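Just need the whole structure built from these sequences, with the hints factored in.
Chains B and G are the protein sequences, given in the same order.
So for the first sequence, my numbering puts the first residue at 1; every next one is plus one.
So for the second sequence, my numbering puts the first residue at 1; every next one is plus one.
Be aware that one or more of the hints could be misleading.
[Stated by the list, open to error] Simulated crosslink set (DSBU-like; lysine-lysine; CA at most 35 Å straight-line):
hint, chain 1, residue 1, chain 2, residue 2
1, G, Lys132, B, Lys169
2, G, Lys139, B, Lys14
3, B, Lys182, B, Lys17
It is worth saying that the hints were derived from the structure and are not from the lab.
The model shown is predicted, which means the values in this text are computed figures rather than measured ones.
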Amino acid sequence: MALDKNQIAQRIAKELKHNMYVNLGIGIPTLVANYIPEGIDIEFQSENGVLGMGPFPFEGDEDPDMINAGKQTITTMPGAVIFDSALSFSMIRGQHVQLTVLGAMEVSENGDIANWKIPGKMVKGMGGAMDLVASAENIIVAMMHTNRFGESKILKKCTLPITGVKCVKKVVTNLAVLEVTKKGFKLLERASGVSVEEIKKATEAELIIEGEILEMKL
Amino acid sequence: MINKAVKNIEEALRGIESNMTFMFGGFGLSGIPENIIKELSKKEIFGLTCISNNAGVDDFGLGMLLKKKQIKKMISSYVGENAEFERQMLSGELEVDLIPQGSLAERCRAGGAGIPAFFTPAGFGTEIAKGKEVRVYDKKPHILETALTADFSFIKAWKGDVAGNLIYKGTSRNFNPLMAMAGKVTIAEVEELVPAGDLDPNQIHTPGIFVQRIIQGEKYEKRIEQRTVRKR
Numbered sequence: 001m002a003l004d005k006n007q008i009a010q011r012i013a014k015e016l017k018h019n020m021y022v023n024l025g026i027g028i029p030t031l032v033a034n035y036i037p038e039g040i041d042i043e044f045q046s047e048n049g050v051l052g053m054g055p056f057p058f059e060g061d062e063d064p065d066m067i068n069a070g071k072q073t074i075t076t077m078p079g080a081v082i083f084d085s086a087l088s089f090s091m092i093r094g095q096h097v098q099l100t101v102l103g104a105m106e107v108s109e110n111g112d113i114a115n116w117k118i119p120g121k122m123v124k125g126m127g128g129a130m131d132l133v134a135s136a137e138n139i140i141v142a143m144m145h146t147n148r149f150g151e152s153k154i155l156k157k158c159t160l161p162i163t164g165v166k167c168v169k170k171v172v173t174n175l176a177v178l179e180v181t182k183k184g185f186k187l188l189e190r191a192s193g194v195s196v197e198e199i200k201k202a203t204e205a206e207l208i209i210e211g212e213i214l215e216m217k218l
Numbered sequence: 001m002i003n004k005a006v007k008n009i010e011e012a013l014r015g016i017e018s019n020m021t022f023m024f025g026g027f028g029l030s031g032i033p034e035n036i037i038k039e040l041s042k043k044e045i046f047g048l049t050c051i052s053n054n055a056g057v058d059d060f061g062l063g064m065l066l067k068k069k070q071i072k073k074m075i076s077s078y079v080g081e082n083a084e085f086e087r088q089m090l091s092g093e094l095e096v097d098l099i100p101q102g103s104l105a106e107r108c109r110a111g112g113a114g115i116p117a118f119f120t121p122a123g124f125g126t127e128i129a130k131g132k133e134v135r136v137y138d139k140k141p142h143i144l145e146t147a148l149t150a151d152f153s154f155i156k157a158w159k160g161d162v163a164g165n166l167i168y169k170g171t172s173r174n175f176n177p178l179m180a181m182a183g184k185v186t187i188a189e190v191e192e193l194v195p196a197g198d199l200d201p202n203q204i205h206t207p208g209i210f211v212q213r214i215i216q217g218e219k220y221e222k223r224i225e226q227r228t229v230r231k232r
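Rendered as structure tokens:
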């Protein structure tokens, strides 16, 4: 069975390490915050200017002056801090934020990512994505393996305008966990019940497959 | 103490003209100078270049100026959530310069700080790097981004004193302190305007030197774009 969006988030949460500063993008990445492993302390940064982001507020407690980068109402955790946008991106560009999880429309085997524009169709803008991918030490992409037409989003070369070059380290999809190596995508894990053959079929890029590929543990 | 308080919004907006460049603080609808924007939408000024992280929604924030076709060019990082914006952009009526959010923030900061340009890794290898100088520092390529300034910067703070000192609340701070620095004339609207001496100098976010005029906003709607809650 291919994973659903929550399960992709659950798998990515296993990459979190104690005392990490993490920036989560909009969409599936936001869900990662729901699956922080027991005993691990994480501080979430939101690029509009908050570190120590907490869960959504209780009904009636929403504050228009307290939102995340997805413009959703949020709360803050004890020890949280607020800052302006330039300081926020100093944390990001300066590599003080250690892990970035974001969504993508395409990822290529050299680690390029495309997620901000479909020429002539969708032009919402890159927001903070270009700054994030240009600087983060560790970038994990959370996305579906194929688009709604069944076409692979894991490519030899991105076809859409790219957001950043050679930056993605790992990709977690509904079918597989892939590592971006110097030689291309290496298949690390497969979703429970999904065969290596099925993953190869759904992937345009070449996959490096070494030894037995184990099922993901959630 | 230099008194920056003005009598009314009319006086606050003195000097604005068509074809000027304006900066607007805010992220989404949080921390936007909503009273000033409303007033600008009543003015017969057109051909504006607006620098703002976002472009408001259809009937609120900068969406109001877009609707009246007062804006010629938008400089932003993210412009979703606005159908009229998308229509004007795709039809070519509106010129749009999309730039990475961190570069936008730093370009405003630089504009106010007397730094004409800087190198950043953001956007290297992408279409936004076209025509920009590239330099390698620490084995990593960077692109040259130039500072931004504006004829007028419109910003929103929570509290301010008549000397123009400002304190923001929560994440409505965002671009406001940076744009306050980058305006040739910076006009701040605040929820509460207090006499000089009422704010603790240790707690001020934007020093009054960056603010030329200050006014208490008449009414704050403070719309929420994405109301997300959990059950009690």
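To see whether the hints hold, each was checked on the structure:
no.	hint	verdict
1	G/Lys132 - B/Lys169	holds, 27 Å
2	G/Lys139 - B/Lys14	holds, 32 Å
3	B/Lys182 - B/Lys17	holds, 24 Å
Every hint from the earlier list agrees with this structure, and none is contradicted.
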